[in-house]
Every structure is written in structure tokens, then in C-alpha cells.
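**Student:** Residues per chain are reported as follows:
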Amino acid sequence: MPKPDSNRIALMQGTLDMLVLRSLLLGPAHGHAIVKLIQQLSDEALQVDHGSLYPALNRLLKQRWIAANWEQMPDKNRQARYYRLTSAGRKQLTAEESKWERLAQAIAKVMKRRPEEV
Amino acid sequence: MKLWPWRGRRAAREQELNREIEWHLNEIREEREAEGLSRRQADHAARREFGNVAIVQEDSRAVWGWTMVDQFGQDLRYAFRTMKGNRLFTALAVLSLALGIGANTAIYSFMDAILLRALPVSDPESLVVLRWHAKPIQRGSFVMHAMSGSTFGDPKSGTTSGIFPFPAFELIAKDTPVFSSVFAYHPARELNVNVNGQADLARGEYVSGDYFRGLAVAPAAGRPISPDDDRAGAPPVAMVSFTYSQRRFGGAASAAGQSILINNIPFVVAGVTPPGFFGVDPAAAPDVYLPMHSDLVVETANQFGARGQNYLDQNYYWIEVMGRLRPGVSILQALARLAPPFHHWVASTAHTDGERANLPELKMEPGAAGLDSLRRQYSKPLYVLMTLVGLILAIACANVANLLLARAAARRREIALRLSVGAGRSRVVRQLLTESVLLASVGGILGIFVAMWGIRFLTLLLGNGKTNFTLHADLNWHVLGVAIALSLLTGVLFGLAPAIQSTRVNVISAMKETRTGEHGLRHSFWQFSLSQVLVVGQIALSLLMLVAAGLFVRTLSNLQSAELGFNRENVLLFELNARQAGHKGPEIAAFYADLLRKFRAIPDVRDASLSNYALVEAGWSVGIEIAGKETDIGNRMLAVGPGFFRTMQIPMIAGREIDEHDQLGALSVAVVSELFARTNFGDQSPLGQHITIKGRVNGHPASREMQVVGVARNAWYGPLKQAVPPVLYIAYNQGFPEPGQMTYELRVKGDPLRMVSAVREIVHESDALVPLANIKTQAAEIDQTINQEIVFAELCTDFAILALVIACVGLYGTVSYNVARRTGEIGVRMALGAPRGNVVGMILRQVIVMTIIGLAIGVPVALGASKLVESLLFGMKANDPWALGGAITILLSSAVLAGYAPARRASRIDPMIALRHE
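Protein chains in written order, with the working numbering: chain L, 1 to 118; chain C, 119 to 1036.
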């Protein structure tokens, strides 16, 4: 297991599913790529645990928000399981995004208040 | 294994996941290799980075919700495997549960049928049975001067009865604000019913005109009896029951409108009652319903039967009354409304101050379940049986608990091992629970079969050849449910306790455990473990059952060996009623005498006679006067034919018996029993004394004076459980009372039933319209009168044996388990020179200690409990030393026997092999 890194933030409960959906918005990707994408998109700030990625992918599959297929990897002589967003997944992502935004703003409001204002 | 459809999809998913994880590990490894790590280092890095593969698999699987189903299947398979591994013990536990559940359900189904079921009529809850209650009745000072029916009660609480004078019924029926209908009924006993020239006996019931409207019973065919039919002089109509219409008329539709003869009187069948309707008494189930007032014509054949004045007599109690409450009226309101007018009326019927001092008071009881004659007869025995089967279930549950305890203890190491390799605690508990629930479920399912079989068996046993047995019990699913739930609860409770306990095992120390001794259990031979407590409980309960069986078996054998005073073997009994077929006056005696002559001529018939009742069914008397004084009311009578005492082999002590010369017109004679002579004549010789019997015939006073010509030894008279009364035997054909129905007694060589066809032929030739009834052997008749005791003794014995077997299984299991656990220790003892006998003794001592503790608990309880069943016993006290001693002996020896097998096995332990386990 990767060592705890002070620069990296542990993911909040339930946000991984949203991040996975978001990363797939760029196009189909396999599991390893999804991990890397999330890390890159967060400027290496978010650490995705493999142990939670696969349960998350299975959760999304079960909800039919994503679909999976074994396909040829472009640069290797090997097949990988590629995940892509379904239209239901896209809708879900929009919903999650707006929910997340409202939550983030609300949290920001609370956190940015100066002490005397409380 | 393609047992479940989702297994295929699940396997594909599993495969896909494994492939993907494999692929992912490969990806990371390649990346690390590209970064310059060696293959091995890269491999390590990949595994480190990816994390615990098993957990990823488990969590991903969990997303799809497979685990529960999956694990349950696994648990189930595992449970079946362990059950197969312990075949004997499992079989016994399951079997004892099945028997416990089945027996409880069967007995309760009968209780339900007898004690709890409502009449099959609409809105039975609004029916009310009318009764009266009076303080203990002083003879000669009570408003009820004569009666036909039954009263019950005891000297302390007084007398209760459901019979009323007809004017009282009219009084109540007139007052309509509380009842929408009031109706009456009166049993007609057996009627001679002649359909198309075929005569047969049927059970009859006289009902008032509003009976069918009041019960709200719609006929299956034709019309019901109406108030218009129920008046003197109305054209005689009858209603027949559905089963009777099928038996005699070939169906309900063809019965309606038919002309028939009842006691030789022409009747028309007006209608047929619906199937399932049995009147108001679950014990009676009449075949034929007649309008009340038709008894005036039907009973002309019966010299003591109904007369017009019965309907006017205010002191003659004979009809039973039921009412249907108007909607919104409660039983208490109805009683409050009717009690004062009834009291007023009954006070007007009292003639003396003595009668006025103890007037019957009106009572009302819910009538939903019909009359309670069955309930009175069976409720106590059924409660006793219910208790016994409840105990069986308790013993069976204790066995299951014991089995589970032993298994859990034996599997401490296995469980510790599973915990140490990372099995979840809840998973292990679930696994153990699955086993116990499976055990209980299999027991429950088998229990259903046992219950169904038990109900059939009980119906057969209780019916015992009675043609009019009306009881019908259905499998009661509620009870079955409760019994199964109870066994499940036992399974869960005793499966759970050791399951949780065993998961608290200190993994390391449990793994280190060897067969020599488990920590904390080393001295449990002398410390009571839970399983030993259960065995002690089983022994105590078994003792109760054995004592019960002992008491009832002894009661039965007392009844069977009761000094009857006559020889019950090789006697054929049957009843004839020539009067109902139209024979009258002096001719009837000639008809009976002629038949007797013909019966005596049948080859292998040694002797024959007749009497107005069979001895054990008798219970009859009219007023008896000696020297102008009325004798004690306890005296009883029997009208007998010539050679009665010779035929029944009742020895004569003095004088002669009644013979062929005692005819009408000759000197009227009587024989008295020893007891009658002693109670009525004291030290005087009864021979030559005069006795007068008095009564009424067709409403007119009648009497007959007789001379005592003989004294007979006491012979049983009436039901076996009652004391023999003083009996006056009179010649049946010397005037008052004229012979009506007679029972013939044929003493034969060999099997009495061989004579039946010859008897039938003779009767048919003499008069085809006289049906033969109640043909049976004297021995069978006695058995029938003590049927309840026979059934009881049989069931109790069966139950006690069952309890004993189950308890011994428990004992055997516990001891074997202890022996197995202590193999090492026993090996050491023997290696150190302990003789084999010592080892056997050591183990048997444990068995005996457990048994004695069980007995110490059981004996006082048994002594207390046996008092509760005292009224069901005969010829013995509740704390019968034989029953108790027998039970203790049986229990002790069975326990030693059950313990001996494992003890012997322990003594055969080879020290070398036992110690090698170390």
C-alpha cells in the first residue's frame, strides 16, 4: 500500500464515484488509466486507492452509469477492460456536479468566515 | 454445479474481475520495470501499490450483493456435510424433534376440534345455551319431580343442568326483546326407520319448530321443519342429516319428499340438513330430526315415553333450550332480562317450603361451540396429554441443544483455525446458526408428517369401532407453526450461545489444545457443564412421563382385572327392539321368548338369555318399595330373562334363578344381589320377602309385587369406574314394566362373532322389520366403556418410551462426547496402571450422579403432578409406589445402559494410541 503522503488528500466518502465518472467524460479508459487521470487532473493531490477503485467501478456498472468492454490496447499486444460513460452516467454526472458545487460553496462559506463574523 | 441460474453470471463476473486485477498488476509491474526495477522488485512494488487483492475481490463482489446468497449456499452445504458426518446423532435429534412437533400438533388439533371449534352455523357467537343452577339438592324437596336428561355437579357446588319443563321454554320463548329466536330440543335415542321396507336404527332428535330458523341452517334439499310442523296433530314430517340421506336414500335430492316409517308411524322427509351440520352437540350428530310434538305419536311404542301431559307438567324437566341473541344484546343483558320472570315462574311451581328454599336459578352460557358434553368428557384427559407432549418437545429441544453444544465444543479448534486465517467473526456465527436452523427445519418438516399420521392414529384410537364417532380433527397449522417456531428458537438459542462463545476463543491457546485437556474444562467431570444440566433436566422430565405412564397403565390393568362377577369371555351381545317395529302387549314377550328358543338352538351356543340392558351399560330403576316403604334411591334394577345368571355365569348364593316357568300369570319373582340383600334386608334372609315396584305406564300408575326367590353374587352393573350398586333383578315378562328394547346374551363356544350371521337370519325370518343393533362381544363392550382409559394408557406408554429414548440418546451423547474429549487423560491413567474396570466405574459414576440428581428433582414434581390427575385414576392413589418405583427403576437402568456403551469404549482405549495424540 502506498505510504501516506502529507501532500496528498484522502478522498471524501462517496466522491470517488463522481471522480471516476468525471474522468470518463474525456473518453473511454481502463482502470489503471482512471487512477492516473484522477491523479493528474488533481495535480497529484488526490490519491486513488486501487482497493477502492474496483468496488467503485463495480458499483457504477451495477447502476448502469458506465459500461465495460475488453478491447485491444493501442500500443501493447494485450487487451484491457475499457470503461465508458453511458447516457445515464452523463445525466448522473451532471446531477452530481451541481450537488457537489452547492456543497463546496456551502462549505467554503462556512470555512471562509472570519472569526469575528461568527 | 448449476443449481441456481445466477451462478453462471456470477462466475463470469468473478472471472472478469480476476482477469482485470491480473491485468492491472501487470500494468503497474511493467511501469516499474520501465523505471528500472528488477522483475522481482517490480512485482513486489505492484502488489504493494495495488493493495490486498483478496479484499479488493471481496469488496467488489459485495457490490453485486453476491456474498449473502453465496455464503448461505456455502453454509448450507457445509451444514449438510457436518450432519452427514454425525449421522446417528443428527438422525436422533431430528427424529426426536419431529416426534415432539408432530405429537404436539396432533394432540392440539384434537383439542381444537373438541374444545374450541364453533358450530358450523352462521354467526355462532350470538347463540346462548340456557341452564339452571341450584344448591345441593335434597331428595324430595326440589321442584324437579321427574326428569329425562342429565344433571351434573357435586355435593359442594350444587347441581347444574340444561333441562327445563316445557312451560318454562314457552315462558322464555314468549319474551322476545333479547332473543330473535328461542328453540328447544330433546334426544330421541334410537328410532326404527323403515325406508322402502328396509328397517334400520337411527339416532333421532326432537326439535322445536324454530330450531332450524334459530340456528340459521339452510337445508341441502327440501325445506326445514317449521313451527307449523311442531304442534299436536300436524302431518308428521322429518328432516334427515346429509350423511344419512346418502346412506339410506342415495343422496339428498332423492331423500326429500320420500315417505318412510319411523317406529312404524308414516312420516314424510321434508328436507335434508346441509353437509357438516351435526346439530348442537358435537358428541351426538343425529341422523333424523323430528318436530318436538311428533313424540306423541312416535313414542307410543315406549311405555315411559312422551305423553301429552309432559308438555303441561311444570315439574317434569326434559327439554334443552338455546336462544339467539338479538344484535347488540349481550349475554348478561339477556340474563338480567329473563332471570326475574323465570324465578317468578319457578317459584309458582314449588309446592312445599322445602322446594321454595332451593329454587333453580337461570344461567346462560355462550353457545358458539355447541353443547359441552364432549368437552366435559375429554377436556381433562386432553390437557394431560397436551402437557405430556409438551414435555416431549422440551426433552427433544434439550437434545438438540445438547447436540449443538457438544458439536460447538468439539469444533473449538476448527473455529479457532478459521478465525486465525481471517474468517469474519459474524461469518463463523452465521455458519453455526445455519446448522442449527437446518436441524430444526428438517425436524419441523418431518414433524408435519408425524402430525398427519398422529391425527389418523388418534381418530382410530378414540373411535375404537364406535359407528357414531363424530369427532373429526384437522391438522392445525397454527400449532404446527408454533411447534416449528419453538424448535427453531431452540436451534437459534443453543446454536447461538456456543457459536458466540466459540468465536471468543483465544486463538492461540485453542490451537494449542490437545485431546488431553482443554483449559477450563479439565475438571468438568465433576463440575456441571451446561450439557450435563440439560441431561439432568431430561431425566427429570422423563421421570414425570414414566410415572404418568405407570399410573395410567396400572389404572387400565385395574379396570381390566376388576372383579366383574361374571365371565366376560365368549359372550355375544346384540340389541333388538320389537316394540318399535309394532309388536305390542303380551305378544311382545312371546316374540322375544320365541327368538331366545331359536338362538339357543344354534350349534355352539351353550346358553342364551336376555335383559333390558347389557350389564355394563345398565343404570335403570323405578320406585322400589319393601314392606310398604320406599327404599333408598341408590338401588338399581335389571329386567332379565330365563337363565340369565347361568348364561353370564353369575353364581347364585341362595335360592334359584329366574327360569322358563316364570311366565306372565305365574307368581311374580325377583332375584336380589348380595349387596341389595345386605342393604335392604340386613341380617334377615331375603328369600320369600316381598318387593313392590311402582311407576307410571302411559301416564297411569302401575305397580307389581314380587317375591324374592334367589340371591346372586354381586356382578358389575353400570360403568366400570363407578361402584357396583345394589341390584334387583326382575323377570322381564311378568307385567309391569312391559319389555321394550332387549339385549340378548349368547354364551358360545369359540369366537362369539361367528354366530352373527345365524342370528341375523333368525331375526330376519321372525320379523324383517326388527333391526339388529350394537352387535359386539361382551369383552369388546367392556373395552369400549373403558376406551378412554385404554387410549390414555397406550398414549402415555408410547410417550414415556419416546421420552426415555430421547433422554437416553442425550445421556449417551453427552457421555460419549466426554469420553472422546478425555481420551488422552484416560490413556494416561491406563498407562499408569488403572484397570479397565476402574475406567468403566469412573464413567458410570458420572452417569449415575447425573441420573440421581435428575431423579431428585423429578420425584417431588411427579408426586405433586400425579395429584392433578387423581380423578382419572382407578383403584389406586395418586402417589402410587408401584408407578413411582417402576419409573425410577426403569430410568436408572436405562441410564446405566446408555452410559455403559461409551464407558466400555473408554476402557478399550489403547494407552499407546491415546498418548500418541499428544
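Treat the hints as calculated values from the structure; they're not laboratory data. Hints may contain errors.
To be verified - No more than 20 Å apart at the CA atoms, straight line, and that leaves these computed lysine to aspartate or glutamate pairs for DMTMM-like:
| hint | chain 1 | residue 1 | chain 2 | residue 2 |
| --- | --- | --- | --- | --- |
| 1 | C | Lys894 | C | Asp725 |
| 2 | L | Lys36 | C | Glu153 |
| 3 | L | Lys76 | C | Glu149 |
| 4 | L | Lys76 | C | Asp725 |
Quick caveat, the model's predicted, so the values are computed rather than measured.
**Student:** Is the hinted pair Lys76/L and Asp725/C satisfied, with a Cα-Cα distance of at most 20 Å?
**Tutor:** violated, 116 Å
**Student:** Would the hint linking Lys36/L and Glu153/C be met if the CA-CA limit is 20 Å?
**Tutor:** holds, 16 Å
**Student:** With the threshold set at 20 Å, check whether the alpha-carbon distance from Lys894/C to Asp725/C stays at or below it.
**Tutor:** holds, 17 Å
**Student:** Mind checking the alpha carbons of Lys76/L and Glu149/C for me, to see if they're no more than 20 Å apart?
**Tutor:** The hint holds at about 13 Å.
Taken one by one, the earlier hints fail for this structure only at number 4.
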